[in-house]
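A.B. asks: Fit chain B to the known structure of chain A by using the hints.
Chain by chain, the residues:
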Amino acid sequence: MHMNWFKFSSPATFYPLAGKLVPWFFWLATLLALVGLYVSFALAPTDFQQGEAYRIIFVHVPAAWMSMFIYVVMAGWAAMGLALNARLSAMMAQALAPTGAMFTLLALVTGSLWGKPMWGTWWVWDARLTSELILLFLYLGFMALQSSIDDPRRADRAGALLALVGVVNVPIIYFSVKWWNTLHQGSTINMGVAPKMAATMLLGMLLMALAFWMYSIAVSLLRVRCIMLERERSSDWVKALTAKGAK
Amino acid sequence: MKQAWLTVLKRDLLQAYRRRSDIATTLFFFVIVSSLFPLGIGPEPAVLSSIAPGVLWVAALLAGMISLSRMFAADFSDGSLEQLLLAPQPLAVLVTAKILAHWLVCGLPVVLLAPLIGLQYALPNEALWVLVYSLLLGTPTLSLIGAIGAALTLGVRGSGLLVALLVLPLYIPTLIFGAGAVATSQHGMSAEAHLSLLAAVSLLSLVLAPVATAAALRISVE
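For the protein sequence lines, the chains are A and B, in the order given. If you use the working numbering, the first sequence closes out at 867, no skipped numbers anywhere. If you use the working numbering, the second sequence closes out at 235, no skipped numbers anywhere.
None of these hints come from the bench; they were simulated from the model. Honestly, I wouldn't trust all of these hints.
What the hints assert, rightly or not - Across the chosen pairs, the derived CB separations fall in these ranges: (1) A:Trp745 to B:Ser203: 18 to 28 Å; (2) B:Gly173 to A:Gly671: 45 to 55 Å; (3) B:Leu174 to A:Arg853: 27 to 37 Å; (4) A:Ala703 to B:Leu174: 26 to 36 Å; (5) B:Gln102 to A:Leu651: 53 to 63 Å; (6) A:Ser732 to B:Ile64: 21 to 31 Å; (7) A:Arg773 to B:Ser203: 46 to 56 Å; (8) A:Trp739 to B:Ile64: 23 to 33 Å; (9) B:Arg231 to A:Gly740: 19 to 29 Å; (10) A:Ala662 to B:Ile64: 19 to 29 Å; (11) B:Ser90 to A:Arg773: 13 to 23 Å; (12) A:Glu850 to B:Leu174: 24 to 34 Å.
Nothing here was measured: the structure is a model prediction, and the numbers come from that model. Here a beta-carbon is modelled for each residue, glycine too, at the ideal position from N, C-alpha and C.
Bound-form chain A, shown alone:
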């Protein structure tokens, strides 16, 4: 069977496809989020140590997962854009960055909301919190670099290189922060030992993670559509589209 693998690597063909996919992913995200919220807030048992406040982890943990995962995906698109010189890959990387930064911020905020009743403090220089904060800086650096370069081609390539440098550094930063942390403070708070989780809790967390995943795909497709229109505004397919008055 012969297939043209690169059919949708051109903005002209990808734009309508993304337009068709976006509603599906939004619906999936809404559905999964509703079920996930029901499972995590109604079905999951109350934690005997932490009470009801633990339920914030159903938002916090998936957000933290997504924040790291999106950075890797972003770097993957960036690498592809550099290697194959594909415009769309770079646009995808650019479209993913704000969502990744949003999830990083969400993980930090929910983490501190959880930390206040649990640890009695909004912020602890814990290894995970600190590396999450640094991840936010990496996202912000990527976005700042891209937005301060006017030439989109150069912005793409410079951003891609920065994302790759960042992805090499993320494990180094994570381990250095971890060792720094164990050096400075004793194990007053140990998040490393995962408590045994009830199956419903795990289910709720997984459903929420899937919902966030679908949301990320939907939003980044929506964003990449805007980027495509903006970047390709002088191309024929955008002109045909705008002439038709299509949405």
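C.D. replies: Below, chain B without anything else, positioned relative to chain A:
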């Protein structure tokens, strides 16, 4: 290739020598930043010596960073950077000469001056030595990683602030191991583990950073 490498190094050093005040600015920046902390925190020797490793390392980080924009900017504006890019020798190798020149001009003076500031912070003798070793091992990494940031932000508006946002998060491992080495020696433990990790980070960046810098320069100049 050796010839070209030496030429680049000599040229950069000569240029730095002709503009000696630039070197002094970096050095004074380091001194001023590290002198502000006692003024803000108070002169108790016990407090000062406990914050000294972190403060001196952060000051070294910042001093290394503010001088980054000079690494390629002048060459970029007068066109000699393009000549470097067109040279038959591999760019990643030639770039190491520029990075070495930057370190010799901006990193090494900080390393040599640091023990003096350390004395003001009531650091014990042994910790002073560890401070020098750690800076000696760590500051080349700052120049190496910084070169990537400097190359990426070449000719970009607001590049001075942007380079801080790009480069400082990447400096964190060096800061942790460097300041950690001094702190452990203060507590009477061996700083060897930290120094080894610092050396490992340096070697890794020595391998990867010139390649990334060369790629970044090609992106910025084309």
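A.B. asks: Are the hints correct? Go through all of them and say.
C.D. replies: Comparing the hints with the structure gives:
no.: 1; hint: A:Trp745 to B:Ser203: 18 to 28 Å; in the structure: 24 Å, holds
no.: 2; hint: B:Gly173 to A:Gly671: 45 to 55 Å; in the structure: 49 Å, holds
no.: 3; hint: B:Leu174 to A:Arg853: 27 to 37 Å; in the structure: 30 Å, holds
no.: 4; hint: A:Ala703 to B:Leu174: 26 to 36 Å; in the structure: 31 Å, holds
no.: 5; hint: B:Gln102 to A:Leu651: 53 to 63 Å; in the structure: 59 Å, holds
no.: 6; hint: A:Ser732 to B:Ile64: 21 to 31 Å; in the structure: 25 Å, holds
no.: 7; hint: A:Arg773 to B:Ser203: 46 to 56 Å; in the structure: 51 Å, holds
no.: 8; hint: A:Trp739 to B:Ile64: 23 to 33 Å; in the structure: 25 Å, holds
no.: 9; hint: B:Arg231 to A:Gly740: 19 to 29 Å; in the structure: 52 Å, violated
no.: 10; hint: A:Ala662 to B:Ile64: 19 to 29 Å; in the structure: 50 Å, violated
no.: 11; hint: B:Ser90 to A:Arg773: 13 to 23 Å; in the structure: 22 Å, holds
no.: 12; hint: A:Glu850 to B:Leu174: 24 to 34 Å; in the structure: 25 Å, holds
Of the numbered hints stated above, those contradicted by the structure are hints 9 and 10, listed in ascending order.
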